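Below, each chain spelled out in residue letters.
Protein chains: 4
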Amino acid sequence: MSSTFGRLFRVTTFGESHGGGVGCIVDGCPSRLALTEADIQPDLDRRRPGQSRLVTQRDEADQVEILSGTFEGTTIGSPIAMLVRNNDARPGAYDHMRDVFRPSHADFTTEAKYGIRNWQGGGRASARETIGRVAAAAIARKLLAHVCGIEVLAWVSSVHTIEADVDEAAVTLAQVEADPTRCPDPAAAATMTTAIEQARRDGDSLGGVVTCVARNVPPGLGTPVFGKLDADLAGGIISLPAAKGFEIGSGFGGTVMTGLAHNDPFLPGDEPHLPTTASNYSGGVQGGISNGATIVTRTAFKPTGTISSPQQTVDRDGNAVELAAKGRHDPCVLPRAVPMVEAMTLLVLADHLLSQQAVDLLK
Amino acid sequence: MSSTFGRLFRVTTFGESHGGGVGCIVDGCPSRLALTEADIQPDLDRRRPGQSRLVTQRDEADQVEILSGTFEGTTIGSPIAMLVRNNDARPGAYDHMRDVFRPSHADFTTEAKYGIRNWQGGGRASARETIGRVAAAAIARKLLAHVCGIEVLAWVSSVHTIEADVDEAAVTLAQVEADPTRCPDPAAAATMTTAIEQARRDGDSLGGVVTCVARNVPPGLGTPVFGKLDADLAGGIISLPAAKGFEIGSGFGGTVMTGLAHNDPFLPGDEPHLPTTASNYSGGVQGGISNGATIVTRTAFKPTGTISSPQQTVDRDGNAVELAAKGRHDPCVLPRAVPMVEAMTLLVLADHLLSQQAVDLLK
Amino acid sequence: MSSTFGRLFRVTTFGESHGGGVGCIVDGCPSRLALTEADIQPDLDRRRPGQSRLVTQRDEADQVEILSGTFEGTTIGSPIAMLVRNNDARPGAYDHMRDVFRPSHADFTTEAKYGIRNWQGGGRASARETIGRVAAAAIARKLLAHVCGIEVLAWVSSVHTIEADVDEAAVTLAQVEADPTRCPDPAAAATMTTAIEQARRDGDSLGGVVTCVARNVPPGLGTPVFGKLDADLAGGIISLPAAKGFEIGSGFGGTVMTGLAHNDPFLPGDEPHLPTTASNYSGGVQGGISNGATIVTRTAFKPTGTISSPQQTVDRDGNAVELAAKGRHDPCVLPRAVPMVEAMTLLVLADHLLSQQAVDLLK
Amino acid sequence: MSSTFGRLFRVTTFGESHGGGVGCIVDGCPSRLALTEADIQPDLDRRRPGQSRLVTQRDEADQVEILSGTFEGTTIGSPIAMLVRNNDARPGAYDHMRDVFRPSHADFTTEAKYGIRNWQGGGRASARETIGRVAAAAIARKLLAHVCGIEVLAWVSSVHTIEADVDEAAVTLAQVEADPTRCPDPAAAATMTTAIEQARRDGDSLGGVVTCVARNVPPGLGTPVFGKLDADLAGGIISLPAAKGFEIGSGFGGTVMTGLAHNDPFLPGDEPHLPTTASNYSGGVQGGISNGATIVTRTAFKPTGTISSPQQTVDRDGNAVELAAKGRHDPCVLPRAVPMVEAMTLLVLADHLLSQQAVDLLK
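Residue numbers (the working numbering), protein chains in the order written: chain Y, 1 to 363; chain Z, 1001 to 1363; chain C, 2001 to 2363; chain L, 3001 to 3363.
If we strip away everything but chain Y, and leave its shape as in the complex, we get:
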């Protein structure tokens, strides 16, 4: 099941950075949801590189085609296959990578595992693989909004040592998209832009943190003990390229609090069976199940491994060599990571929304 994510809202992705195309099959989406390519394309466009000078300039149209699963603009319960064609035309651009393992990439490990790799790009380890996830998540986004008004929104909260000051409760999609950095703190965004451009000039790269919130999630989503909502979020998000750390709620910061300060006191809510909490160190999940508060996660993305500075490495025969990546590269993946984190969050929530229907059978 290595290419399939989810239990009931199941996404199977396919495709490498080079070859015929990338995409996915979404199996388990309920019938009777209005759906056309116009619902998918905007999220793909957000994921696409080449949107500004900050990000990699490789030009990709990334037009999605729905191959199956809809009829007259509505889902019919059948698997929804989506395809985005590859149209790279830079023969030779990767020739120097044929026999050399790029440091901190998947080149060596892919070859160790499979005994072969598509050296024309990153193969499945390429960020291009996430197109299938983002396309699938666009469906989840529409379903979740339609059924219970759930909104999932992520942004860049830090790049290298530059931290943004963002009001998690109030920030909007428009604010996030207002700047190519996807940092909704304009001052921090400007500093980040300068730092990213400097990194490009230095042949270096920068990492950072993406914060993601899910609003209006009803209490009860998540299935102990191996389908806990936070565990599924962690597993889904850490499967993104370059993700090295995950927190929910207080995360590592919570370890220096005491229980008395960290516990979220319950307060009477508007309805008897819907209490609220005075604080949200739990990040919206308690015992692996949503409690109705906003779900808040933070994900660490390492500085991207592709840099144009020379680096020490080995070739396939084990000889020491020096490698310098050719062509332009993306010195900071954080802006593009934003829709990817949203995608995994959306997929997890849609999956649990569906699975809760069976739990509620005898409600």
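Some clues are possibly wrong.
Derived lysine to aspartate or glutamate pairs resembling EDC-like cross-links, with alpha carbons at most 20 Å apart [what the hints assert, rightly or not]:
#	chain 1	residue 1	chain 2	residue 2
1	Y	363	C	2317
2	Y	142	C	2360
3	C	2142	Y	360
4	C	2363	L	3360
5	C	2363	Y	165
6	Z	1363	Y	111
7	Y	363	Z	1111
8	Z	1363	L	3360
9	L	3363	Z	1072
10	L	3363	Z	1322
11	Z	1142	L	3072
12	Z	1363	L	3111
13	Y	363	Z	1317
14	L	3363	C	2202
15	L	3142	Z	1360
16	Y	363	C	2072
17	Z	1363	Y	72
18	L	3363	C	2037
19	C	2363	Y	360
In case anyone wonders, no lab produced these hints; they're calculated from the structure. Computed from a predicted structure; not experimentally measured.
Given chain Y, put chains Z, C and L in place with the hints provided.
Chains Z, C and L only, in chain Y's frame:
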């Protein structure tokens, strides 16, 4: 599949803190592995509370019985069922929790999800649920050691603000087990002990961080893109009670490095196809696949929600009430979390070791 | 997943014919279903051998214990573990089977697969393994009856060449249970009894057919294309020991009809959206989805492999030997197969009832 | 998982009879297998209608495109996506089916389940859906032949009351493909042809039986108790359109034998640990595990539901109407069912070949 973990080395756990018992079925363990209860019990004993004055004093024998799957001391390929009886005998100890939701516990969310809960303890959210995981992982431990000499070792690297100084490459099980804190830095362990005892006196609780290493993992384990080794570790470990954050390799700290510093240069190894790395910011996993270096993870555990100080909360009817937990409580789960983190790491590794056999079919 | 059946109502069984015990974990049963051992035991008692002189006389109490998943007589959404102890006490009874492969048993194939086997009985191939299935199905039975009045009933419709004449629409559980053969045609039952007793005296065995109906199944259950209701029934039922053939509706007999005769004409029903059919050659399933008509299946069980007559075979070293089974044996498994066929039918229906909840999200 | 088949060699299909296209993703195929479209197309061509006057004349090119998972003609361990475009151009051909439920089709049940259906053809219930299965199975065929010389061959053994006389041990692919009926008994084939043509003139349809053998299957494939080889074959094959019955080995015929006659005596084989059997009533599977003998199954296909004679049915509002299918129809699906049965058999065998690798870890 909410109670099942793994694809090929599959563990299904059962049991609440109160009721007949807890345990698991391990399905997919290869035949011909020598196995008796004596292989399981030591890890269960490490997980058990009541081992020292630091941890909760509830007395549990936790003797495991293998119900199936072995014959004359050897696995036969059938599912291995294991049972540990509950023998709690404190009627009335939980009566005050019948209608009240403990803050930052799973009481409210469980009831929101299922419409009912076993209020006599924590149900599936109890740490007692992890008995099944630890028992299953003891089998994985034996299998991994037998097949490729893999060793998984965790320890307490911080409690509240007290950080241990540990040589990750050299630390041994004996050093970890030398102190009830499971912190192998004796000076830090002593300070932690003082802090934990003070928290108990204060009716408060402390969190911290568990570091875990997996040594001798061969390159090639982990399956892109949704079975990446780090993603499976994240999902497995965050499913542990009280886990709020996960890092592999550089984690959040890596976000303030640049790519040039963070990339792990490859060096020629002893064998042509087994290069080593000059640093290990990747934490032993690149592109979701092990690279042969030691796997290093860090997990944040929040201060435990059970405290004896009075807290503000609501009852099942939505009325504000004040709650004070009765009886003794464990002011710091960190020492007990150590075998749990090891368990999830072992289960993930065993699963991927098995799945790699099919990948290698045409090797 | 070899020991797990189902997607949402998931049963994982464990246990061999010899060892600590047999049983199962049921994961995914909705909360709020009244459930105690008294709901399970009757179906186990029907499955149990030793109920009459017709069937094997080995005495087994087979008392089930619910280990988890209920609280105060109600399911709570947690996995429901159930255990039935083995208490065989015939040391030496199987010694002659240690090194000899019984013809048409799983002895040779188990050893070919696993390199080892528990020769003290049939291991996982023993009919005793079905205890876990029947126990789980008793829960499914209660759930299905409670939610939509579904009734699953099977009976012996033939033994060897003796065919029963049964009104599929009218036959009742009481009629089936009225005779130890579980054949509700008294005349055929009497002839079958005679034939079975003669087979026992001959050291021989007999096979036959079990017919099973599921009444009141609502339209819409079954999930194309790999979760079709008839396909799941076929896969589930053929996994029973000694099952060699499966039919739904017209089955093999339908191949000698023409389409004009075989098609089931739709008739207006009591409700506009619930048409009925004038005939039921489809057996209640069309395109893999229930159509509201009674589901009818027929399962062929071979004559049991265990016979007391001498047989030609080989030992583990490949030498030709003659084998004669010792002790009493069951010359006809058909009566005991009845609750097993019901069990697999119930498990499939419960699984699809749950999965339909998610499909209906936007209904 | 309704669109996914298999545990390790996993196929997820997509596509309806109308829409952008049909196809599949094969996940889990080992790397290092030579593979191009030329390995896939021949099996698709066999599945394709319009090959002779016997079968439906709808013209479909059905050219397959491999979208991912190979590099320079070799599998790389990534998911293999394959696409076949739909290019139907008969607007209006299905208009009369918009509001009418064809008897014994999936029209009513699809609408009962999903509340909506693509009435322009059979949707997922169309035989066109099997393109994805057959394409995936072509990869399995190559893998199985390469690794252990397994050959899977099916043929039409009966149409209506016409039964073929075929030597199961000797029949070849060339003999099967020699006649459009795919019946390798020339005399029976001629009679079948006459009967099928008469059925077409009568506006009627015919069913029949497909026999399938799998040769050179090593002992040990199949995983008790819910992954038994025969159970997986039954579940896979009954998921084919129009399949109503399944037998392995003696099947229903075995129920009128006695155990003494039915048991397959073991004989010493060429190697000590590879005994053979004097007969093969088991059909190559004992206890759900292959025993090294040829696997033999028989599948009943009903007469196809699409006939041009007028039939009684109801419309979506529950009114009685008379329906007559328009255009040409295929009066006998048996010839096309042959590659479909082979496909499911191949997929099951490939899946178990892979899963056995993990079982053999400690061999």
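- request: Give me the numbers of the hints this structure contradicts, sorted from smallest to largest.
  value: 1, 4, 5, 10, 11, 12, 14, 17 and 18
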